[in-house]
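J.: Chain residues, written in single-letter form:
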Amino acid sequence: EDQVTQSPEALRLQEGESSSLNCSYTVSGLRGLFWYRQDPGKGPEFLFTLYSAGEEKEKERLKATLTKKESFLHITAPKPEDSATYLCAVRLASGGSYIPTFGRGTSLIVHP
Amino acid sequence: DVKVTQSSRYLVKRTGEKVFLECVQDMDHENMFWYRQDPGLGLRLIYFSYDVKMKEKGDIPEGYSVSREKKERFSLILESASTNQTSMYLCASRNPSGRSTDTQYFGPGTRLTVL
Numbered sequence: 006e007d008q009v010t011q012s013p014e015a016l017r018l019q020e021g022e023s024s025s026l027n028c029s030y031t032v033s034g035l036r037g038l039f040w041y042r043q044d045p046g047k048g049p050e051f052l053f054t055l056y057s058a059g060e061e062k063e064k065e066r067l068k069a070t071l072t073k074k075e076s077f078l079h080i081t082a083p084k085p086e087d088s089a090t091y092l093c094a095v096r097l098a099s100g101g102s103y104i105p106t107f108g109r110g111t112s113l114i115v116h117p
Numbered sequence: 041d042v043k044v045t046q047s048s049r050y051l052v053k054r055t056g057e058k059v060f061l062e063c064v065q066d067m068d069h070e071n072m073f074w075y076r077q078d079p080g081l082g083l084r085l086i087y088f089s090y091d092v093k094m095k096e097k098g099d100i101p102e103g104y105s106v107s108r109e110k111k112e113r114f115s116l117i118l119e120s121a122s123t124n125q126t127s128m129y130l131c132a133s134r135n136p137s138g139r140s141t142d143t144q145y146f147g148p149g150t151r152l153t154v155l
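If you read the protein sequences in the order shown, they are chains A and B.
So for the first sequence, my numbering puts the first residue at 6; every next one is plus one.
So for the second sequence, my numbering puts the first residue at 41; every next one is plus one.
The following block holds chain A by itself, in its conformation from the complex:
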């Protein structure tokens, strides 16, 4: 069973059509939740880190929020250049280890 689940697996939007991506996690003792963007054939690029429920962070058309069991990545008025795979990862508080667990990603395509 996956500890980190992202939904939907794939999302197609029209330019300007706002939507949200979801990342839910089953583990307890969250130390941090991370969002990355990955373009085809490239490595993931860091977007946000969230640490506590209620926290929000924004960058251009993206806004990440965190509750006790899930995070949302809101995309407002997306443009074709927002097309990418968005990865979520969580880090646990226990053990002192820094090893995040990644979800399988949401592939976003924004049509002009």
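If you are wondering where the hints come from, they were derived from the structure by calculation, not from laboratory data.
Note that the coordinates shown come from a computational prediction; the quantities given were computed from them, not determined experimentally.
Glycine is no exception: its CB is placed at the ideal position from the N, C-alpha and C atoms.
Where hints are given, some of them may not hold.
Stated by the list, open to error - Which residues of chain B face chain A? A partial, calculated answer using Cβ under 8 Å:
1. Asn71
2. Leu81
3. Leu83
4. Pro101
5. Gly103
6. Tyr104
7. Arg134
8. Asp142
9. Gly147
10. Pro148
11. Gly149
Claimed, not checked - Chain B residues, not near chain A, derived (Cβ > 12 Å throughout):
12. Val52
13. Lys53
14. Gly56
15. Lys93
16. Arg108
17. Thr126
Unchecked claim - Quick list of in silico lysine-lysine cross-link-like pairs, DSS-like style, CA-CA up to 30 Å:
18. B:Lys95 <-> B:Lys43
19. A:Lys64 <-> B:Lys53
20. A:Lys62 <-> B:Lys97
21. B:Lys53 <-> A:Lys62
22. B:Lys97 <-> A:Lys47
23. B:Lys97 <-> B:Lys111
Dock chain B against the given chain A, drawing on the hints supplied.
T.: Below, chain B without anything else, positioned relative to chain A:
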């Protein structure tokens, strides 16, 4: 800006060959990681290193080994490549004591095909 580079973007090898994937970071980061990424499976950790000459197994270390002789360089070794090791390999680094201690910086990836 942090820069993580990987020796090859694309690599084609034969079954049974010994394969070396090199990763170099230029920001004096202590922690380095090797992942593989496969469609539908996401990122899976192969090995990681907290510091020079230190290594720890990740979730899928079988068939792989690593070497960290210098702080900036982390090598992934496939002792005898097999077709099921065809994948995208991603290297990452992290500074455990800097401002962005939780941020992993990824390289561009090496797409390895084993024939």
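J.: Now tell me if each hint is right for this structure.
T.: A quick look at each hint next to the structure:
no.: 1; hint: Asn71; verdict: 7 Å, holds
no.: 2; hint: Leu81; verdict: 7 Å, holds
no.: 3; hint: Leu83; verdict: 4 Å, holds
no.: 4; hint: Pro101; verdict: 13 Å, violated
no.: 5; hint: Gly103; verdict: 20 Å, violated
no.: 6; hint: Tyr104; verdict: 16 Å, violated
no.: 7; hint: Arg134; verdict: 7 Å, holds
no.: 8; hint: Asp142; verdict: 5 Å, holds
no.: 9; hint: Gly147; verdict: 5 Å, holds
no.: 10; hint: Pro148; verdict: 5 Å, holds
no.: 11; hint: Gly149; verdict: 5 Å, holds
no.: 12; hint: Val52; verdict: 16 Å, holds
no.: 13; hint: Lys53; verdict: 19 Å, holds
no.: 14; hint: Gly56; verdict: 27 Å, holds
no.: 15; hint: Lys93; verdict: 18 Å, holds
no.: 16; hint: Arg108; verdict: 16 Å, holds
no.: 17; hint: Thr126; verdict: 15 Å, holds
no.: 18; hint: B:Lys95 <-> B:Lys43; verdict: 22 Å, holds
no.: 19; hint: A:Lys64 <-> B:Lys53; verdict: 41 Å, violated
no.: 20; hint: A:Lys62 <-> B:Lys97; verdict: 33 Å, violated
no.: 21; hint: B:Lys53 <-> A:Lys62; verdict: 43 Å, violated
no.: 22; hint: B:Lys97 <-> A:Lys47; verdict: 24 Å, holds
no.: 23; hint: B:Lys97 <-> B:Lys111; verdict: 18 Å, holds
Checked against the numbered hints listed earlier, the structure breaks hints 4, 5, 6, 19, 20, 21; every other hint is satisfied.
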